[in-house]
Amino acid sequence: MANESIGKPVPHPTELSQPYWEALNEGVLTLQRCTRCEKFRHYPRLVCDGCYSLEADWVEASGRGEIHSWTVAHHAFHPGFVGDLPYVLVVVQLEEGVRALGRLHGVPIGEIRIGMPVKFTVDQRDDGVALPAFVPR
Amino acid sequence: MSLREKAAITGVGETAYLRGSGKSAFQLQVEASLTAIADAGLTPKDIDGIIPIGITGAPAEEFVTSFGTPDLRFSALTPLGGASSIAAVQCAAAAIAAGLCNHVLIAAGRNSFLGARAGVRIHEMPQFHFVTEFELPLGAIAPAQLYAPMARRHMELYGTTSRQLGEIAVTVRQHALLNDNAIMKKPITLDDHQASRMISDPFRLLDCSLESDGGAAFVVSAAERARDMRQPPTYVMGIAEGHPDSPSAITQRPDMTTLGLAKAAPRAFAMAGVTQKDINVAEIYDCFTWVVLCQLEDMGFCKKGEGGAFVEGGRLRLGGALPTNTHGGLLSQAHMLGLNHVVELVRQLRGQGGRAQVKDAKVGLATGYGDLGDGAIVIMRRG
Numbered sequence: 221m222a223n224e225s226i227g228k229p230v231p232h233p234t235e236l237s238q239p240y241w242e243a244l245n246e247g248v249l250t251l252q253r254c255t256r257c258e259k260f261r262h263y264p265r266l267v268c269d270g271c272y273s274l275e276a277d278w279v280e281a282s283g284r285g286e287i288h289s290w291t292v293a294h295h296a297f298h299p300g301f302v303g304d305l306p307y308v309l310v311v312v313q314l315e316e317g318v319r320a321l322g323r324l325h326g327v328p329i330g331e332i333r334i335g336m337p338v339k340f341t342v343d344q345r346d347d348g349v350a351l352p353a354f355v356p357r
Numbered sequence: 002m003s004l005r006e007k008a009a010i011t012g013v014g015e016t017a018y019l020r021g022s023g024k025s026a027f028q029l030q031v032e033a034s035l036t037a038i039a040d041a042g043l044t045p046k047d048i049d050g051i052i053p054i055g056i057t058g059a060p061a062e063e064f065v066t067s068f069g070t071p072d073l074r075f076s077a078l079t080p081l082g083g084a085s086s087i088a089a090v091q092c093a094a095a096a097i098a099a100g101l102c103n104h105v106l107i108a109a110g111r112n113s114f115l116g117a118r119a120g121v122r123i124h125e126m127p128q129f130h131f132v133t134e135f136e137l138p139l140g141a142i143a144p145a146q147l148y149a150p151m152a153r154r155h156m157e158l159y160g161t162t163s164r165q166l167g168e169i170a171v172t173v174r175q176h177a178l179l180n181d182n183a184i185m186k187k188p189i190t191l192d193d194h195q196a197s198r199m200i201s202d203p204f205r206l207l208d209c210s211l212e213s214d215g216g217a218a219f220v221v222s223a224a225e226r227a228r229d230m231r232q233p234p235t236y237v238m239g240i241a242e243g244h245p246d247s248p249s250a251i252t253q254r255p256d257m258t259t260l261g262l263a264k265a266a267p268r269a270f271a272m273a274g275v276t277q278k279d280i281n282v283a284e285i286y287d288c289f290t291w292v293v294l295c296q297l298e299d300m301g302f303c304k305k306g307e308g309g310a311f312v313e314g315g316r317l318r319l320g321g322a323l324p325t326n327t328h329g330g331l332l333s334q335a336h337m338l339g340l341n342h343v344v345e346l347v348r349q350l351r352g353q354g355g356r357a358q359v360k361d362a363k364v365g366l367a368t369g370y371g372d373l374g375d376g377a378i379v380i381m382r383r384g
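Residue numbers (our numbering), protein chains in the order written: chain Z, 221 to 357; chain W, 2 to 384.
No lab work stands behind these hints: they were computed from the structure. One should not assume that every hint holds.
Selected chain W positions facing chain Z (in silico; Cβ < 7 Å) [to be verified]: (1) GLU134; (2) GLU136; (3) ARG154; (4) GLY352; (5) GLY355.
Yeah, the Cβ is synthetic: ideal placement off N, Cα and C, and Gly gets one too.
Isolated chain Z, as found in the complex (with noise of 0.2 Å):
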């Protein structure tokens, strides 16, 4: 469907979030790790809120987690996602230690639960977007 994403809200990257965006257009999940402390932190932010420190260095997430919550989308509340309904977006608790948002893929609405382990793969929208998602594992 060549047409399906058009007009689907596409990120805005700033000069923070702007590593992130690449490499997951790369494919890859990565996340800001503090230099000083090597807390992680989500999503991209200037500074780290345990040692306050403004350095961070982009790692590659190892892409496991469990899901940590969810919904199902129902109503889409923009025409671009009309043609993706019903869709699933869920909560990810990364190993990490912080949590990424994304689409689930490969499990029955009825079957998604709390604590199901999953990784990460990529959306690559039509539209030249690429976007995090799940499957399980």
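Starting from the known structure of chain Z, arrange chain W on it as the hints suggest.
For chain W alone, coordinates are given in the frame of chain Z:
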């Protein structure tokens, strides 16, 4: 110094609540303000402090221009979404207690029904920047979708059911039927709730609040002046705002089933010197049914996880142990950012609650819930 008993709400006002008013948000705000000021027995020129509410609200300067205010001594903004109006009470009470001003107008006007809907509006707000960049592109757009994982986790951890959420929807609708200025006019049953279409699991249509037009306003005055004003005085006993952990991203919140109100409520109860058992009437911010249930827990009316059982058996209905949202709330009266909750609390404490009057209501509370979990609470008593 405590803010206990330093301020009173002396005037309240609302426009008719509609779906499509044909009026600007500012006009609705001004109409409600004039009603609230007259209710207090004041004139617009007596107002010496202003806190406009809501992203469509006009700045204080517009009120000065409109009212010919001779000496506005205090103005502020309290951008906590649906917790703004009660956070504004705290701000006003602090300004009054410090001697900065005497009568603070807090007012909102909204034309949300024909204007931009919540799923569009929030992405124009800076406090939603994480959501707009990282969640919106995935299709996590509107509050229903952003808040649903909190409710879903609560249901899995504690066994909370959709029917328990429905209890709240049915109760609040019953109360709306007693209010001539409520948008929703038809009774609903639990079965209607269960049959309503799914919006974002677990939220069904009847778990969601309204998009509506209208204005609401109230006046916060110095307590010592309230005694001699037009209406029976209603005093602010306890007031607090609270911000959740990870206030800009629910997905990153350590405990997704706890709101900012959990931090605010103990402070407000301590300031007021009352306990949950002393509360005769509660006006609890109800953008979604589950948000009411979570706030009941966060305020200590029951333990975390026990909200589902707590709302069963008619406890929140008129005649129940904790009559809640006696005006019909955001779910069934109108979405006025919780100003209508404050207005209703004042009316109940004055004995002006009409057909929904809680018998002998002496002490009550109102809460606000805003943006991604900000909370505020005011505990009030009649004079």
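Okay, the hints, checked on the actual structure:
Given hint, GLU134(W) at the interface with chain Z, holds; its Cβ is 5 Å from that chain's nearest Cβ, closer than 7 Å. With 7 Å as the threshold, the beta carbon of GLU136(W) comes within range of chain Z, its nearest partner Cβ sitting at about 5 Å, so the hint holds. For ARG154(W), the interface hint holds, the least distance from its beta-carbon to any beta-carbon of chain Z being 4 Å, beneath 7 Å. Violation of the interface hint for GLY352(W) is found here, the shortest Cβ-Cβ separation to chain Z being roughly 42 Å, above the 7 Å cut-off.
With a least beta-carbon distance of about 35 Å to chain Z, the hint placing GLY355(W) at the interface is violated under the 7 Å criterion.
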